[in-house]
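Visitor: The listed protein sequences derive, respectively, from chains A and B.
Its first residue numbered 240, the first sequence is counted upward by one per residue in my numbering.
Its first residue numbered 27, the second sequence is counted upward by one per residue in my numbering.
To be clear, the hints were calculated from the coordinates, so they are not data collected in a lab.
Treat the hints with caution; some may be incorrect.
[Said to hold, decoys possible] Not close to chain B: a few residues of chain A, all C-beta gaps over 12 Å, as computed: (1) E244; (2) K281; (3) V293; (4) L304.
[Said to hold, decoys possible] With beta-carbon atoms standing in for the labels, derived distance ranges: (5) B:E88 to A:K310: 36 to 42 Å; (6) B:K64 to A:P321: 25 to 31 Å; (7) B:L135 to A:K308: 42 to 48 Å; (8) A:E244 to B:G108: 40 to 46 Å.
[What the hints assert, rightly or not] Which chain B residues face chain A? A few, computed with CB under 10 Å, are given here: (9) Q32; (10) P34; (11) K37; (12) T57; (13) Y61; (14) K70; (15) L71; (16) E83; (17) P130.
Cβ atoms here follow ideal geometry from the backbone N, Cα and C, with glycine treated the same way.
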Amino acid sequence: GEKVEQHQSTLSVREGDSAVINCTYTDTASSYFPWYKQEAGKSLHFVIDIRSNVDRKQSQRLTVLLDKKAKRFSLHITATQPEDSAIYFCAASRGRGSALGRLHFGAGTQLIVIP
Amino acid sequence: DTTVKQNPRYKLARVGKPVNLICSQTMNHDTMYWYQKKPNQAPKLLLFYYDKILNREADTFEKFQSSRPNNSFCSLYIGSAGLEYSAMYLCASRTGGDTQYFGPGTRLLVL
Chain A
240 GEKVEQHQST
250 LSVREGDSAV
260 INCTYTDTAS
270 SYFPWYKQEA
280 GKSLHFVIDI
290 RSNVDRKQSQ
300 RLTVLLDKKA
310 KRFSLHITAT
320 QPEDSAIYFC
330 AASRGRGSAL
340 GRLHFGAGTQ
350 LIVIP
Chain B
27 DTTVKQNPRY
37 KLARVGKPVN
47 LICSQTMNHD
57 TMYWYQKKPN
67 QAPKLLLFYY
77 DKILNREADT
87 FEKFQSSRPN
97 NSFCSLYIGS
107 AGLEYSAMYL
117 CASRTGGDTQ
127 YFGPGTRLLV
137 L
């Protein structure tokens, strides 16, 4: 089955710098890649996603890049702010069709933005 | 309102005793999911309901049961809790699009 890995358990950056969180996946049939954010004491909250028909998607300060050949995707956060501090989870899915939205998550990356 | 609610927020259970966790949503979502989350591990999908059809993951098939008496509610049932069931249990729901909306979780501690 699908295995999603986040190799960085913790990432520290200075406020205003950029942060990049990387994920890899194993299932070539995966076509949907969302990112979730978990702030301290709160539940997972959707932030951005990308589908396999594109290799880049941007939403304000967030950009997701997808490299299907390498089975790798990444979340880029520019001009980081203290409120970006959270655990970020990447996930992969075959989509809501046959897989009915089964999400396979990575173990999370703790992003610390130092003021 | 994209709120998913879970009750209780904290649950203490004894080894060998049953545990029942509740999730609710009022968004008329057709699919409801249960995940298990242990510290420093990825959330792991346990099972989900698509409408009235229960789908259980192969490796947790015999450990968890669920029911969905109506569209809004979904339960997660552990017949006999073991120490290894101590975890955060997250409920999520989805309809139409791919985005899943998560509840705050129930922290289960088995002693």
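Visitor: A separate judgement is required for each hint: does it hold in the structure or not?
Guide: Verification of the hints:
Annotated as non-interface, A:E244 brings its C-beta within 12 Å of a C-beta of chain B; the closest such distance is 9 Å. Annotated as non-interface, A:K281 brings its C-beta within 12 Å of a C-beta of chain B; the closest such distance is 7 Å. With a cut of 12 Å on Cβ distances, A:V293 stays outside the contact zone with chain B, its closest approach being about 14 Å. Residue placement check: A:L304 keeps its beta carbon more than 12 Å from all beta carbons of chain B (closest about 19 Å).
Between B:E88 and A:K310 the beta carbons are some 32 Å apart, a value that contradicts the proposed interval 36 to 42 Å. Take B:K64 and A:P321: their Cβ atoms lie about 28 Å apart, and the range 25 to 31 Å holds. The beta-carbon spacing between B:L135 and A:K308, approximately 44 Å, falls within the hinted interval of 42 to 48 Å. For the pair A:E244 and B:G108, the beta carbons lie near 28 Å from each other, so the given range of 40 to 46 Å is not met.
A least Cβ separation of about 9 Å between B:Q32 and chain A falls short of the 10 Å threshold, and the interface hint therefore holds. Restraint check, B:P34 versus chain A: the minimum CB separation of about 15 Å is more than 10 Å; hint violated. The beta carbon of B:K37 comes no nearer than 16 Å to any beta carbon in chain A, farther than 10 Å, and the hint placing it at the interface is violated. For B:T57, the suggested interface contact is upheld, since its CB lies about 6 Å from the closest CB of chain A, less than 10 Å.
Given the 10 Å rule on beta carbons, the hint for B:Y61 holds: about 8 Å separates it from the nearest Cβ of chain A. Because the beta carbon of B:K70 sits about 8 Å from the nearest beta carbon in chain A, less than 10 Å, this interface hint is met. Interface restraint check: B:L71 against chain A, minimum CB-CB distance 6 Å, threshold 10 Å, status holds. Taken as an interface hint, B:E83 checks out: its beta carbon lies about 8 Å from the nearest beta carbon of chain A, inside 10 Å.
Interface restraint check for B:P130: the shortest CB-CB distance to chain A comes to about 5 Å, inside 10 Å, so the restraint holds.
When held up to the earlier numbered hints, the structure conflicts with 1, 2, 5, 8, 10 and 11 and fits the remainder.
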